[in-house]
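> Sequence:
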Amino acid sequence: MERIKPISKHTLLGASGEISDFQEILHYLDELIIYDHMWDDGYSLGPKEVHNYLNRVMYNRRNKFNPLWNSLVIGGVKNGQKYLGMVGMIGTHYEDNHVATGFGNHLARPIMRAEWREDLTFEETIKILEKCLLYVEKPQYLQKSSENPSGPASKELNYELFHAVKNKNTFSVEKAHFLKEDDSHSVVVSLDKEGGANLSLIIDDEKVFEVDTKGRLEGTERLRIDGLLVDFMWDLFETPKRFIFLTREFSFHTKAFGELGYQNDWEDSEHVNALEILADF
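The sequence shown begins at 12 in our numbering and counts up one residue at a time.
Fair warning: there could be bad hints in the mix.
[Said to hold, decoys possible] Below are the DSS-like pairs computed for lysine-lysine, each with C-alpha atoms no more than 30 Å apart in a straight line:
(1) LYS138 x LYS177
(2) LYS75 x LYS186
(3) LYS16 x LYS75
[Stated by the list, open to error] Have a look at the derived ranges for each label pair, beta carbon to beta carbon:
(4) GLU29 x LEU144: 21 to 31 Å
(5) TRP127 x SER211: 32 to 42 Å
(6) HIS174 x ARG14: 18 to 28 Å
Rather than coming from a laboratory, the hints here were simulated on the basis of the structure.
Even glycine gets a Cβ: it sits at the ideal position worked out from N, Cα and C.
Take these sequences, add in the hints, and give me the full structure.
This is the structure:
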């Protein structure tokens, strides 16, 4: 099943999330295109019209408490005018010069904002996309053997992957590390019901974070865990659910110098440790 489909002669549609829901969206669009062709007036739908239509479809399904679990990217050219937009699963939408879905919204778009310009060549665009993909996928890019992680990023980033133990709507792992040589921790992610709504993060029997995930099925939060600076990311769109902890290099200084280190610019430090937890319902 392809995740990028042509819609009319002016538009391409891409989707992340559930394939079955994407197929339903394509069925809606087929009906729309057939109805449009029926008039035989020489007019065809462009990317902006498709974007507006999908925005209303996603918002309508959300209001019926039966959302389509997809994030959609709509792009195309009509009458010489370029168009690029995005629609989320609850009808949130925007138009911009660059878009992303999932963790790409948090990790890749800052790179795009910094490097995008109107006169980019095709080759320059490909290089920016490669940079974004390598950054977003860095935690999963390493190949972990029984001894040591290996791969292009292994000297920069220590990586641990856990499959959580499920007990009702609670997922737990033991002996997880936020730094390679640091103490091990127990990590528990609790959802008050399957698929969301309230997410609690418990580390070593202490609740460190809680969020209402209605409308925030994916997100990023900056946490301080055992004196470490950690970017906590969650993605409840797909199965398995993903929870990622990225520890920043400046954490070493923070543990040594306390609040003085914590007050320094968070963004100045690189990620040195990635802990990923997969949770199957």
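> Each hint: holds or not?
Now the hints, each set against the structure:
1. A threshold of 30 Å between alpha carbons decides the hint, and for LYS138 with LYS177 the separation of about 41 Å lies outside it, so the pair is violated.
2. Annotation: proposed proximity of LYS75 to LYS186 is violated, straight-line Cα distance about 42 Å (limit 30 Å).
3. For the hint pairing LYS16 with LYS75, the CA-to-CA distance comes to about 26 Å; that is within 30 Å, so the pair holds.
4. The hint said 21 to 31 Å for the Cβ distance between GLU29 and LEU144, and at roughly 22 Å that hint holds.
5. Between TRP127 and SER211 the C-beta distance comes to about 37 Å, which sits within the given range of 32 to 42 Å.
6. The hint said 18 to 28 Å for the Cβ distance between HIS174 and ARG14, and at roughly 25 Å that hint holds.
Comparing the model with each earlier hint shows violations of hints 1, 2; every other hint is respected.
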